[in-house]
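> Let the sequences and hints guide you as you build the complete structure.
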Amino acid sequence: MNDIAVISNETCSFNHLEVSPQALYQQAVVAGQVNEDLSQQAALNALQALFLRLQYAHLHADVNPPTDLGLYLWGKVGRGKTFLMDVFVSSIGIDRCLRQHFHHFMQDVHGRLTQLEGVKDPLKQIAKELAQQYEVLCFDEFFVNDIGDAMLLGRLMMFIFDENMPVVATSNTEPNALYKDGLQRDSFIPAIKAIEKNLTIINMAGEYDHRERPLDVVQNYFLTTQSSGLVLNQVAQHYLLNLQDVNRYGILDVLGREIMYLDKHEKHIAFDFQELCMGPRSHFDYIEIAKQFHTIFVNNVPILGGDTFERIKARGTEDGSVGSGSTGQRHVLLAPMDDAARRFIALVDELYDQKVCLYLACEVPLSKLYTQGSLSFQFERTRSRLIEMASKQYMALTHSGE
Numbered sequence: 006m007n008d009i010a011v012i013s014n015e016t017c018s019f020n021h022l023e024v025s026p027q028a029l030y031q032q033a034v035v036a037g038q039v040n041e042d043l044s045q046q047a048a049l050n051a052l053q054a055l056f057l058r059l060q061y062a063h064l065h066a067d068v069n070p071p072t073d074l075g076l077y078l079w080g081k082v083g084r085g086k087t088f089l090m091d092v093f094v095s096s097i098g099i100d101r102c103l104r105q106h107f108h109h110f111m112q113d114v115h116g117r118l119t120q121l122e123g124v125k126d127p128l129k130q131i132a133k134e135l136a137q138q139y140e141v142l143c144f145d146e147f148f149v150n151d152i153g154d155a156m157l158l159g160r161l162m163m164f165i166f167d168e169n170m171p172v173v174a175t176s177n178t179e180p181n182a183l184y185k186d187g188l189q190r191d192s193f194i195p196a197i198k199a200i201e202k203n204l205t206i207i208n209m210a211g212e213y214d215h216r217e218r219p220l221d222v223v224q225n226y227f228l229t230t231q232s233s234g235l236v237l238n239q240v241a242q243h244y245l246l247n248l249q250d251v252n253r254y255g256i257l258d259v260l261g262r263e264i265m266y267l268d269k270h271e272k273h274i275a276f277d278f279q280e281l282c283m284g285p286r287s288h289f290d291y292i293e294i295a296k297q298f299h300t301i302f303v304n305n306v307p308i309l310g311g312d313t314f315e316r317i318k319a320r321g322t323e324d325g326s327v328g329s330g331s332t333g334q335r336h337v338l339l340a341p342m343d344d345a346a347r348r349f350i351a352l353v354d355e356l357y358d359q360k361v362c363l364y365l366a367c368e369v370p371l372s373k374l375y376t377q378g379s380l381s382f383q384f385e386r387t388r389s390r391l392i393e394m395a396s397k398q399y400m401a402l403t404h405s406g407e
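Residues in the sequence shown are numbered consecutively from 6, following the numbering used here.
Simulated from the structure, these hints should not be mistaken for lab results. You may find that some hints are simply not true.
To be verified - Calculated cross-link-like contacts (lysine to any residue; reagent style SDA-like; alpha-carbon spacing at most 20 Å):
#1 Lys272 x Ala295
#2 Lys296 x Gln105
#3 Lys129 x Gln112
#4 Lys397 x Gln38
#5 Lys373 x Asn305
#6 Lys198 x Ala155
#7 Lys272 x Ile308
#8 Lys269 x Leu245
#9 Lys133 x Glu146
#10 Lys397 x Gly37
#11 Lys125 x Gly153
#12 Lys397 x Gln224
#13 Lys185 x Gln224
This is the structure:
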């Protein structure tokens with residue numbers, strides 16, 4: 006019964022550098038923070054071996070690079086992938102590795118590309134700079150669903166491996182399913198082959214989602230009924246927010262785009278779902294919002310799933326789920342709210358990663374929020390995270406009381 010949220014890059018409880026991952030794991034077991042899970046042992050053993058190899062290389066600069074450069078841990082939500090990666094990060098020390106949520110890493114890559122404008126082969130330069138600055142790269146939630154990121158990432162990963170740089174990645178998806186059915190996916194296949202060649206692939210196929218362990222529940226999910234709305238407003242008032250006074254509405258500037266909010270007080274803010282997830286928003290917007298606020302209310306969340314229908318999407322639009330033709334157009338299956346649902350998934354991912362307190366007012370219970378559609382696989386992670394975010398254990402990691 007792992008407490009997945011105990012160890013994160015911001016709130017890591019392990020500060021003893023050069024203590025091995027296996028030793029830190031056992032410390033957590035003895036402290037009652039986690040229970041041993043046999044399904045995690047293969048990944049833990051592989052991380053231990055990588056730790057020892059890095060420690061040896063740290064003392065012997067002339068050591069030859071290994072044939073396998075790192076690990077790719079994949080499996081269903083809540084199996085402990087992030088937990089184990091953060092144990093590994095704690096063991097080697099954050100000064101020696103770059104540990105980032107994958108979306109943050111891609112945001113930084115775009116920023117570096119801007120700085121390197123005019124430089125020949127800037128992705129190769131970025132890989133070289135990363136290898137000079139860090140001993141290992143750790144990516145959480147490795148997932149590709151954007152054609153631009155796919156094209157960049159394919160070449161960048163190959164340059165990183167050319168630098169013999171170790172990589173630890175976690176994902177809900179096995180490598181050969183990355184960017185599945187994406188536009189021009191053939192261009193991404195070399196990156197998949199490079200991952201499979203250079204990283205040890207481990208499927209963490211544990212039986213249980215540890216985020217669904219017994220938790221001390223805190224109500225953060227409300228129905229949009231009159232009685233439930235009264236309770237939600239009382240919670241909002243604790244943060245000095247008023248969800249019903251239109252005179253408190255305002256405009257928030259996020260990366261040059263305007264987003265209307267319902268109310269804002271210091272590090273706490275409330276939005277309507279339509280403003281936050283049904284307009285031209287990107288994951289980068291949610292990264293910025295999560296950096297600025299400790300508590301977020303989202304009002305009027307509708308049913309997000311529904312019957313899928315087929316339509317054609319042109320080259321360069323948001324990713325769908327099925328098929329990709331050589332012309333750059335494809336048939337995709339979408340439910341009516343899938344674009345908004347995709348943004349909602351990105352929002353929850355970011356708030357969870359940055360340990361932001363989230364309150365929701367929804368039309369239906371969580372179990373019915375997304376029951377069918379082309380994003381069912383992705384939404385399973387969101388559902389799991391929302392369960393954990395409604396707990397005292399998660400709230401203790403947030404800054405919501407500040």
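> Next, verify each hint and record whether it holds.
Verification of the supplied hints:
1. Between the alpha carbons of Lys272 and Ala295 the distance comes to roughly 10 Å, so the proposed pair stays at or under 20 Å and holds.
2. Only pairs whose Cα atoms come within 20 Å are accepted, and Lys296 paired with Gln105 is accepted, the gap being roughly 14 Å.
3. A hinted pair counts as satisfied when its Cα atoms are at most 20 Å apart, and Lys129 with Gln112 qualifies at roughly 17 Å.
4. Under the criterion of a C-alpha separation no larger than 20 Å, the hint pairing Lys397 with Gln38 is consistent with the structure, at around 14 Å.
5. Taking the CA atoms of Lys373 and Asn305, the gap is about 15 Å. The hint holds against a cut of 20 Å.
6. Pair hint Lys198 plus Ala155 holds up; C-alpha atoms about 14 Å apart against a cutoff of 20 Å.
7. A C-alpha spacing of about 28 Å is found between Lys272 and Ile308, which places the hinted pair above 20 Å, so the restraint is violated.
8. Taking the CA atoms of Lys269 and Leu245, the gap is near 8 Å; set against the 20 Å cutoff, the hint holds.
9. A distance of roughly 23 Å separates the Cα atoms of Lys133 and Glu146; the hinted pair therefore is violated under the 20 Å criterion.
10. Between the alpha carbons of Lys397 and Gly37 the distance comes to roughly 16 Å, so the proposed pair stays at or under 20 Å and holds.
11. With a CA separation close to 19 Å, the supplied pair Lys125 and Gly153 stays within the 20 Å bound.
12. Taking the CA atoms of Lys397 and Gln224, the gap is about 10 Å. The hint holds against a cut of 20 Å.
13. Taking the CA atoms of Lys185 and Gln224, the gap is near 37 Å; set against the 20 Å cutoff, the hint is violated.
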